[in-house]
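Visitor: Line by line, the protein sequences give chains Y and D.
Position in the first sequence (from 1) plus 29 gives the number in my numbering.
Position in the second sequence (from 1) plus 29 gives the number in my numbering.
Do not take every clue at face value.
When chains are identical, the list treats them as one kind, so a pair holds in a single copy or across two.
20 Å max Cα-Cα, derived SDA-like pairs, lysine to any residue [what the hints assert, rightly or not]:
no., residue 1, residue 2
1, 154, 133
2, 154, 56
3, 80, 215
4, 83, 95
5, 154, 134
The set of hints was computed from the structure by calculation and includes no laboratory data.
Take a look at the letters that make up each chain.
Number of protein chains: 2
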Amino acid sequence: MAGQRSRRRIPEATVARLPVYLRILGEQFDVGVGNMSSEELAELAGVNAAKVRKDLSYLGSYGTRGVGYDVEFLVYQIRRELGLTHDWPVVIVGAGNLGQALAGYNGFGDRGFPVGGIVDIDDAKVGSVVGGVRVRHLDDITQVVQARSISIGVIATPGAAAQDAADALVAAGVTSILNFSPTVITVPHGISVGKVDLAVELQILAYHEQRRINAAQGSGLQSLSGLSIPGESRRGASA
Amino acid sequence: MAGQRSRRRIPEATVARLPVYLRILGEQFDVGVGNMSSEELAELAGVNAAKVRKDLSYLGSYGTRGVGYDVEFLVYQIRRELGLTHDWPVVIVGAGNLGQALAGYNGFGDRGFPVGGIVDIDDAKVGSVVGGVRVRHLDDITQVVQARSISIGVIATPGAAAQDAADALVAAGVTSILNFSPTVITVPHGISVGKVDLAVELQILAYHEQRRINAAQGSGLQSLSGLSIPGESRRGASA
DNA sequence: AAACGTTTGTGCACGTTTTCACAAAGGCGA
DNA sequence: TCGCCTTTGTGAAAACGTGCACAAACGTTT
Ligand SMILES: NC(=O)c1ccc[n+]([C@@H]2O[C@H](COP(=O)([O-])OP(=O)(O)OC[C@H]3O[C@@H](n4cnc5c(N)ncnc54)[C@H](O)[C@@H]3O)[C@@H](O)[C@H]2O)c1
Ligand SMILES: NC(=O)c1ccc[n+]([C@@H]2O[C@H](COP(=O)([O-])OP(=O)(O)OC[C@H]3O[C@@H](n4cnc5c(N)ncnc54)[C@H](O)[C@@H]3O)[C@@H](O)[C@H]2O)c1
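Could you build the full structure based on these sequences and the hints that come with them?
Guide: Here is the structure:
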């Protein structure tokens, strides 16, 4: 019951799972579920129950033995730990195909990450409005960032421009970057970088497909069971 | 020099990095670089050189001591190991905002994953053409999958429909799924699942932002250096 | 108030991944 | 051919993440 304050460092693998728990808990709360055991939460999250308990234990001892966890309270604690008690506006660099899809996507703002600005280098795009936000020129990025105290930037430019975009974001004062381009970017020490690379994800799947085929051919086509992505953080279940 | 065949199982963490090396090697080859050391590749990939060598060693002993790796040969070997020697057409479920962006995205087909079909449940969308492909009805998914021997499916439906989409994909014969919805899906044993969740990525960044703030406040605002995402597989560099 | 069934929180063993460190191998020039 | 310089490939150690198993804690029932 001793709810310790966020002094402990939470393992990165746990940090990556907390948002999943958070979403599930929120959904359950909306449906009227007031209490959940680690077993139930684990089932819905597609992970091991012990893992859920260990993950939650980093927040403090908020469960009740013999009963489970209070859903509403847990939602609050996870949000607190993840820093989701207030909004984090983001600035999108690149108003192309992807940038526009992201800007128009409500699930963005709904989760506490409203689009605080969009910038592009193409004069044909500057001035247009996507997702209710007017596209500004890349040169104005510092203004955009400072005006709204933005600390998270999203790179949605072609790969060749990604490093430029990162440099501009950092110069503007952004301290976290989510990079959707396939290019590896370099940033100064102290800046956090997340990466979402579609091609990488597909190529991982291709590898598994390939193995399935090899395995089947290699040993006289038995059942091709036993193959599913082994546990890796931030991947979906495969019951 | 004994190039062993793909009998060894490659660690999942390595599989996730090979596509990054592959892209860099391809780019370097296009620029006329014929040979690279693990050090150079590591620099561009934003990882440790020893890690590069160990990763590549799973493919076989393809380097030359004192010299480095032949770029073209390495590209071939990685492609072979990842199963990229032929195309893997994909089927997209959900022709909304994201589905259309994905279908219209060339970097998809360019990397060996052409859009082999798109399906939706909404009659208003069925029949329209996005990215050069006609949207078919979800009911026809098995036809679409079988006709093109598709084994990879992409879920771009709202979260509430993701499990239905997964079930339909599996029933149609797909064996690998990339899920863009925030919902955790359950699939039969033997099906591979990858997940890309925007909200999770942003929430991880928010956590790091939060920590930065806590750290600065907690101890009389010193330099806020020393903070960057600790090494985690499949995340970008942060030099 | 005691006995019971349930579920948490965590010590511990195990598996995986990262990093170090260096012998072995290759190229090259003398 | 020999020695020197560079760089690989890989054991072994360290760090990290996972899952089992169980004592401790709690609510409930008797
Ligand atoms: N479209 C998709 O579905 C998709 C999916 C996954 C990844 N991606 C990646 O996302 C990125 C963007 O893809 P897209 O399809 O939107 O491309 P796009 O060409 O449609 O849009 C890119 C935009 O970035 C702008 N831009 C270029 N250089 C810039 C700079 N230095 N500063 C600011 N803006 C700049 C361009 O003017 C353009 O508007 C690419 O790296 C792509 O690989 C796209
Ligand atoms: N738009 C984005 O930028 C973005 C970014 C990240 C993640 N996502 C996620 O991607 C998913 C799709 O987002 P969106 O913005 O494209 O939504 P959307 O509403 O624009 O499109 C969803 C499409 O799925 C179709 N659909 C619904 N149920 C279906 C079913 N059972 N089978 C087949 N098709 C069905 C709908 O008819 C619609 O065309 C969501 O889960 C969202 O959270 C979107």
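Visitor: Between the shortest in-copy and the shortest cross-copy C-alpha distance, which are at most 20 Å for residue 154 and residue 56: within, between, both, or neither?
Guide: neither (38 Å within a copy, 29 Å between copies)
Visitor: With 20 Å as the alpha-carbon cut-off, assign the pair residue 83 and residue 95 to within, between, both or neither.
Guide: within (17 Å within a copy, 47 Å between copies)
Visitor: My question is about residue 154 and residue 133: at a cut-off of 20 Å on alpha-carbon distance, are they close within one copy, between copies, both, or neither?
Guide: So residue 154 and residue 133 pass the 20 Å test inside a copy (15 Å) and across (18 Å) alike.
Visitor: When Cα atoms must be at most 20 Å apart, do residue 80 and residue 215 count as within-copy, between-copy, both, or neither?
Guide: between (33 Å within a copy, 18 Å between copies)
Visitor: Quick one: residue 154 to residue 134, C-alpha cut-off 20 Å, is that within a copy, between copies, both, or neither?
Guide: both (19 Å within a copy, 18 Å between copies)
Against the hints set out earlier in the document, a violation occurs for number 2 only.
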